[in-house]
Amino acid sequence: GENVEQHPSTLSVQEGDSAVIKCTYSDSASNYFPWYKQELGKGPQLIIDIRSNVGEKKDQRIAVTLNKTAKHFSLHITETQPEDSAVYFCAAQTGANNLFFGTGTRLTVIP
Amino acid sequence: KAGVTQTPRYLIKTRGQQVTLSCSPISGHRSVSWYQQTPGQGLQFLFEYFSETQRNKGNFPGRFSGRQFSNSRSEMNVSTLELGDSALYLCASSLVGQSKETQYFGPGTRLLVL
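These protein sequence lines map, in sequence, to chains A and B. Counting from -4, one number per residue, gives the positions in the first sequence under the working numbering. Counting from 622, one number per residue, gives the positions in the second sequence under the working numbering.
Keep in mind the hints are simulated off the structure, nothing from the lab. Backbone N, C-alpha and C define an ideal beta-carbon position, used for all residues, glycine too. Do not rely on the hints blindly, as some may be mistaken.
Listed next, the in silico SDA-like pairs over lysine to any residue satisfying Cα-Cα at most 20 Å (straight line) [stated by the list, open to error]:
1) LYS53/A to GLY90/A
2) LYS53/A to GLU722/B
3) LYS37/A to LEU709/B
4) LYS721/B to ASP79/A
5) LYS32/A to LYS634/B
6) LYS32/A to THR723/B
7) LYS37/A to THR659/B
8) LYS634/B to LEU732/B
9) LYS53/A to GLN40/A
10) LYS66/A to GLU10/A
11) LYS678/B to GLY90/A
Taking CB as the label site, the calculated pair distances span [to be verified]:
12) THR659/B to LYS63/A: 25 to 35 Å
13) LYS52/A to THR701/B: 39 to 49 Å
14) PHE681/B to HIS2/A: 23 to 33 Å
15) HIS2/A to ARG636/B: 33 to 43 Å
16) PHE681/B to GLY36/A: 19 to 29 Å
17) THR723/B to LYS66/A: 14 to 24 Å
18) THR5/A to GLN639/B: 34 to 44 Å
19) ILE105/A to LEU716/B: 17 to 27 Å
20) HIS2/A to SER672/B: 23 to 33 Å
21) GLY637/B to GLU10/A: 48 to 58 Å
Next comes chain A alone, as it looks inside the complex (with noise of 0.2 Å):
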């Protein structure tokens, strides 16, 4: 089966630096990737995805970047605030409807 590799498994950025969080999935079949965020006491919250025909998709402060030859994506945030303080967690899906998660990394916006 799939398996993701997300790296690292905790981040501590200064308030108005970038973030990236890098992931990596050995299934060459999956054609999906989103990104989720999960706060204290919260299920996770959908935040950008990707999809195997697009190379880059941006959403204001988030972006998210695919390589399908080298199999890895990444979650880049710019300008984070204390409020983007959550765990992370990237995400592959081949055909079938579930999803394989990376480990997540805990980002930590010091203010």
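Go by the hints and put chain B onto chain A.
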């Protein structure tokens, strides 16, 4: 539009008991998936239901089961609870559960097995 709701939010059980968790998907969504989240194993897929049928299943023992009703609401059941079943159980819904479709998660049910 209301999001995915899960009940109960918290549950304490003892080893050997069984438990039933409930999930109501977003209105109009017909696919419901269940995931288990633990510190050690992370987020793992349990199963997916569509039109009252289990369509996809993860690598969990038969003690974990589920069902879906005609209104798309879903329940999952864990029998003969073990300490290792302590986890956050998340439900996610999507329109029809096809490839590349967004899944929306509920707040989860936190289960503690003593």
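We went through each hint and held it up to the structure:
Restraint check for LYS53/A and GLY90/A: not satisfied, since their Cα atoms lie roughly 24 Å apart, outside the 20 Å limit. With a CA separation close to 18 Å, the supplied pair LYS53/A and GLU722/B stays within the 20 Å bound. In summary, the hint linking LYS37/A to LEU709/B is supported, as the alpha carbons are separated by about 10 Å, within the 20 Å threshold. The hinted pair formed by LYS721/B and ASP79/A fails the criterion: a straight-line CA distance of about 26 Å is larger than 20 Å.
A C-alpha spacing of about 29 Å is found between LYS32/A and LYS634/B, which places the hinted pair above 20 Å, so the restraint is violated. A C-alpha spacing of about 14 Å is found between LYS32/A and THR723/B, which places the hinted pair at or below 20 Å, so the restraint holds. At most 20 Å may separate the alpha-carbon atoms for a hinted pair to count; LYS37/A and THR659/B meet this at roughly 14 Å. For the given pair, LYS634/B sits about 8 Å from LEU732/B by alpha-carbon distance, which is consistent with the 20 Å threshold.
Proximity of LYS53/A to GLN40/A is assessed by CA-CA distance (about 17 Å); at most 20 Å being required, the pair is judged to hold. A hinted pair counts as satisfied when its Cα atoms are at most 20 Å apart, and LYS66/A with GLU10/A does not qualify at roughly 30 Å. Taken as a hint, the LYS678/B and GLY90/A pair is honoured in the structure, with Cα atoms around 13 Å apart against an allowance of 20 Å. As the Cβ distance of THR659/B to LYS63/A is approximately 31 Å, the hint placing it in 25 to 35 Å holds.
At roughly 45 Å, the beta carbons of LYS52/A and THR701/B sit within the given window of 39 to 49 Å. Checked against the hint of 23 to 33 Å, the pair PHE681/B and HIS2/A passes, with Cβ atoms roughly 27 Å apart. Between HIS2/A and ARG636/B the Cβ separation comes to about 36 Å, which falls inside the hinted range of 33 to 43 Å. Distance hint check: the CB atoms of PHE681/B and GLY36/A are about 24 Å apart, consistent with the given range 19 to 29 Å.
At about 22 Å, the beta-carbon gap between THR723/B and LYS66/A stays in the expected band of 14 to 24 Å. Taking the beta carbon of each, THR5/A and GLN639/B are about 37 Å apart, inside 34 to 44 Å as hinted. Between ILE105/A and LEU716/B the Cβ separation comes to about 40 Å, which falls outside the hinted range of 17 to 27 Å. In this structure the hint that HIS2/A and SER672/B lie 23 to 33 Å apart at CB is violated, the actual value being about 39 Å.
For the hinted restraint 48 to 58 Å between GLY637/B and GLU10/A, the CB-CB distance of approximately 49 Å keeps it satisfied.
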